[in-house]
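Respectively, the protein sequence lines represent chains F and Y. For the first sequence, numbering that gives the first Met the number 0 gives the first residue as 0, with consecutive numbering after it. For the second sequence, numbering that gives the first Met the number 0 gives the first residue as 0, with consecutive numbering after it.
Simulated from the structure, these hints should not be mistaken for laboratory data. Treat each hint with caution, since some may be false.
[Claimed, not checked] DEER-style ranges, computed between Cβ atoms:
#1 F:148 to Y:108: 35 to 45 Å
#2 Y:40 to F:27: 38 to 48 Å
#3 Y:108 to F:41: 18 to 28 Å
#4 F:161 to Y:65: 30 to 40 Å
All figures in this text were calculated on a predicted structure; none of them were measured in a lab. Even glycine gets a Cβ: it sits at the ideal position worked out from N, Cα and C.
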Amino acid sequence: MARDWSLTGNERFFDHDEIIVSKTDTKGRITYANEVFQRVALYTEEELLGKSHNIVRHPDMPRCVFKFLWDRISTGHEVFAYVVNRCKNGDYYWVFAHVTPTYNEHGRIVSYHSSRRVPDAGALEQIKPLYRELLDIEQRYRTPREQWEASLPALVGKLESLGLSYDELIFTLCA
Amino acid sequence: MTTMNHTKPGQKSYDDTHWVKEATRVCLSASNGDLEARVLHIDNGSKLAPMLHAINQMLDLTDAFVREAGASLAFASDGMYFRRVLPHGFRGSFERTAATINNATIRMDHDAKELKQAQGERDELVEDIKTAKEVSGLLDQATRDIEQMFAVISDIANRTNMVALNATIEAARVGEAGRGFAVVASEVSKLAQQSTSLTKQIQQNVISIRQVSSQTINSIERILEVLDRQVVQAQEATLNLKDVKAPARAA
Ligand SMILES: Cc1cc2nc3c(=O)[nH]c(=O)nc-3n(C[C@H](O)[C@H](O)[C@H](O)COP(=O)(O)O)c2cc1C
């Protein structure tokens, strides 16, 4: 089935005291999506359960951010990311996502969890041009692997030039 | 994990008993510390739907809070204090506890910086004290060298005295002609005695200096021992923190 990438350019919002929650299995297939998720992304629970989380992927997101995200969570770390998502009808919404692994009693990762908050407007002003830059780099390559292999060093380089770890950058942005 | 529930919605509508069972299952696993379970496929036509959504929402917030608080504290126990609990989305007790944790990590951050500064100052102090110990050691060696010279000096004085004595005897033997020479010999003998007594005084002083410098060295060694113990204690405190860290991560 061809992926529908059509976009409307309309932005959707949720409240400051709401969180968008989803859970996935270890492969990233959705096992739970809360009501706020369904309302903002315009999907029903039935449409989301069992689907890969890239169902809400927006073409403006640089691939290396997700590569970084998966590298972090699959090695047991939490990760924060500013993400723009695509609604079912082609609208978009920005979130500040926190993704963490869930462990069983033997300390093994059994699933992932994500809670998303309304992003800070000032932080988005800094994130948007950075993502644009990363996306431009990625568009020079064909395969996904070539793309993130080219853009991830740019992301890391950006952090190094600021003298911050990724986590510190995120917390500086949202402070 | 029990979130997946394979009921096909629309195919069959469940009665209230089913939803009460579902709610009970989810609440029981939550009270056992498993915050993964949720009620899925809620039938919005059921009068129990608002309750079931409320249960999910309560769990979402509790789950998110536990992850946030756990992450902030896990970072803090790794010595990184910039990871604050993000307060957005939390209300009431959640919000207040988030603020309490954040105040604690801000405080830890501050204390850690002060501790680091104190450690730097202590390191400098240790260097200064080591230099003082070295200087005192040199002083001690110098006084030992002087003491060895006393042996030589008093030997010379004794021999001079003997020479003067012999000269007096020889002078007496030549009679009147040796009188002038006898006066010189007795002067030489007096000088030798003066030199001996002066040497003894100086020796006394040098012994005092040596006692003082060896006391100084002892004190410096005790100070260094205390400082070393402090360094070891500080290292052990850090190690202990690493030991308690592990469960915070796996939680
Ligand atoms: C818990 C969890 C939440 C995620 N949330 C999102 C999300 O909100 N938006 C998104 O585009 N990708 C999200 N992802 C990442 C997707 O799994 C996927 O890597 C990404 O959409 C890129 O997909 P693609 O490689 O097919 O392009 C999430 C992954 C996990 C594990």
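For which of the previously enumerated hints does the structure constitute a violation, in increasing order of number? 2, 3
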